[in-house]
Amino acid sequence: MKPYLTANQVSFHRHSEAVFQPIDLELYPATICVVTGANGSGKTTLLRTLAGVLRASEGELTRDASIAFIGHRAGVKDDLSCIENLVFMQRFYPKQANRHPLTPHQALKQAGLGPYIRRLAGHLSAGQRRRLALAKLLVAPADVWLLDEPYTSLDTHACQWVDELLDGHLSDQGAAIVTAHQRQPSLARTLHRLEVVAGARAA
Amino acid sequence: MNRSKAQPLIALLLSDLKRARRHGGQSLLPLVFLFSVVAMIPLGIGPGPNLLQAIAPGMIWVAALLSGLLALDGLFKSDFDDGTLEQWWVGDQPVIRLVLVRLGSHWLITALPVIVLTPVAAQMLYLPNAALGLLMLTLLIGTPILSLVGGLASALTLGTRQGGALLGLLIFPLIVPVLIFSTGAVSAFLDGLPVRPYLLLLVALLVLALSLVPLATAAALRLNIE
Amino acid sequence: MWTQIKLAFHKLGSPLIFYRFAQTLIPWLWGLTLITLAAGLYQALFVVPPDYQQGDSYRILYIHVPAAWQAMATYIVMTILATITLIWRIRTAEIMAMTAAPIGAAFTLICLVTGAIWGRPMWGTYWAWDARLTSMLVLLFVYLGIMGLYAAFDDRRQGARIASILILVGVVNIPIIHFSVEWWTTLHQGSTINLFGPSTMDASMLPPLIWMTVAVKLMFGALLLQRARNELLDQDQRKKWVLEALRMGGHDS
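For the record, the sequence lines run as chains A, H and E. Position 63, counted from 1, in the first sequence is what our numbering calls 63; the numbers after and before it change by one each time, with no gaps. Position 17, counted from 1, in the second sequence is what our numbering calls 17; the numbers after and before it change by one each time, with no gaps. Position 140, counted from 1, in the third sequence is what our numbering calls 140; the numbers after and before it change by one each time, with no gaps.
Worth flagging that the hints you see were computed from the coordinates, not collected in a lab. The C-beta atom is built at its ideal place from N, Cα and C for all residues, glycine as well. Check before you lean on any hint, since a few could be wrong.
Claimed, not checked - Cross-link-like lysine-lysine pairs, in silico, DSS-like; alpha carbons within 27 Å at most:
(1) A/2 / H/77
(2) H/18 / A/95
(3) A/109 / H/77
(4) H/77 / H/5
(5) H/18 / H/77
(6) A/109 / A/95
(7) H/5 / H/18
(8) A/109 / A/2
What the hints assert, rightly or not - Here are the computed distance ranges between Cβ atoms for each label pair:
(9) H/117 / A/60: 51 to 59 Å
(10) A/95 / H/207: 30 to 38 Å
(11) E/20 / A/30: 51 to 59 Å
In isolation and in its complexed conformation, chain A is listed as follows:
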């Protein structure tokens, strides 16, 4: 089985200094990896590098899968309604032949946003916005999910929903990399761990 994502001594430099120590990683289908590390150790930068938002300054990064990335900022348009946001996302991300998307309506129901279909995203609470952002994973499914602090501002119920999403995704030969410094994914599976260490600041 080929890995979806391979990182070989990958690091990202900001101002000629490595933000995090070089990372080695092989992400296989049906595996989940939790990125740990102190505040400011570069977890978010690592995830953005793996997603392709940042270009790796060193090392080799190969992606052999479709990628979905949900960052700190939700990636949701405030002046579009929930349903319009999802319709946009479904069209914007290339369709994957091996994945089966839900319709935006179904995804909103699953995310518990059923009553808010026509509400502007800008009028949602922080938790609701996060759920809307995560609903992208259902309408535009990808092999690899890169989730930056997916549990932030979610209540217990919604956190369980995220766990269910991850579980379903992994059963479906998906893979995920998640940063989480408070709540960890609670799954009946092995969580691989990847420790990120801040790069040495040159004196």
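Please build the complex by placing chains H and E on the supplied structure of chain A, with the hints as guidance.
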């Protein structure tokens, strides 16, 4: 381009247009600006038809240019702030095409209404009807360049706090040639000289801008995201 | 050969080596600047005879013309530095590209002001929309745009890279501006009196121009290294190499 590749681009265009319609003012603001400038000129220099006619092409062009500046601030800013911009680099999206689509929607929203209502502005400044078609043609070729250059300036200033103030300074040198050839074409026509060279030069500028500016804009966006 | 060039780049890219390089070179550059400037000014003011048409007023061209050349040459230097910045991300190139911009703007301004002073007796006005002066005016705005963009970023290294893109855009744009402005002036005014270039000059008038041009080039080199050195020290003031360099250089310790 096959359908699956075009789909993200169409999605972006439709969502841009929908959001613009929702805000309404985005198209109105450049128009209001154009007409306030056009109305102020006779008040400032007197209503004499000869004088107004002579300066009409230049004034309409300068007003169109300045009105284009108004809408540039939000071109990439809101996408930058809400995290949709960084999504452009996830996966294998052709970012340059996305940039072109964004600029295209900007042109449709801000420049096209100005071009459509140019005849009214031209009447107010006594531009001869015969020259009107040519003026609109130069706007049709020239305003996309303005959108391209404006998009570049707004991408360059994306990560700055007071970027808006810089836009004019960055755009001015880039737009000088367009202004010269566009208004030159109309003046040449009024003087009975051939206008073909001007139009060809304008088209050349448009081709050059189309091929280089999106590249620089995508690079600038990327550096701002880092 | 290529690898050697790259190696030299990276060596000079190290702040400490650049600092030492600049420290050694700056006094020499200033010294040579003073000598050539003295020779040039002396010849320009006392040796060369007055022009039979313009009298003594033409002598300002010995400042105007080298400044104009340097205003353009500075942009070429910046283009090279910006290219290095964007491809190899070498920090000293970044800093030099950014510190060159105000120097280029200053020479452009000198060119404009001396042109205006010369224009007063020649054209009867301080400002004429002459093709070269107009191009220079636009060039000034190009420089100001680069400086403004760089200054607008809190993160100076990010600002330098983004302003480098603008520098490269400008290098395509400046010739177009020049061409379009030339076109525009011939259209609107017919041909105007040109600030005369060296080609129309009498051979006896040439030596001071050469001296002044060399002086201006040397002055540019000195200013650039000095400003880049200062900027580097400022940006790195808390870094170890700065303390070491200052101690070794025998500065206040």
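Outcome of the hint check:
1. Under the criterion of a C-alpha separation no larger than 27 Å, the hint pairing residue 2 of chain A with residue 77 of chain H is inconsistent with the structure, at around 39 Å.
2. About 23 Å separates the Cα atoms of residue 18 of chain H and residue 95 of chain A, which keeps this hinted pair within 27 Å; it holds.
3. Between residue 109 of chain A and residue 77 of chain H the alpha-carbon distance is near 31 Å, which puts this suggested pair outside the 27 Å criterion.
4. Distance hint between residue 77 of chain H and residue 5 of chain H is fulfilled; the C-alpha atoms sit about 25 Å from each other, no more than 27 Å.
5. Of the pairs offered as hints, the one joining residue 18 of chain H and residue 77 of chain H holds, with about 17 Å between alpha carbons and a cut-off of 27 Å not exceeded.
6. A threshold of 27 Å between alpha carbons decides the hint, and for residue 109 of chain A with residue 95 of chain A the separation of about 21 Å falls inside it, so the pair holds.
7. At most 27 Å may separate the alpha-carbon atoms for a hinted pair to count; residue 5 of chain H and residue 18 of chain H meet this at roughly 21 Å.
8. Annotation: proposed proximity of residue 109 of chain A to residue 2 of chain A is violated, straight-line Cα distance about 35 Å (limit 27 Å).
9. For the pair residue 117 of chain H and residue 60 of chain A, the supplied restraint of 51 to 59 Å holds, since their beta-carbon distance comes to about 55 Å.
10. One distance hint, 30 to 38 Å for the beta-carbon pair residue 95 of chain A and residue 207 of chain H, holds here, with the actual separation near 34 Å.
11. Here the CB-CB span from residue 20 of chain E to residue 30 of chain A is close to 57 Å, well matched to the stated 51 to 59 Å.
Of the hints listed earlier, those the structure fails to meet are numbers 1, 3, 8, in rising order.
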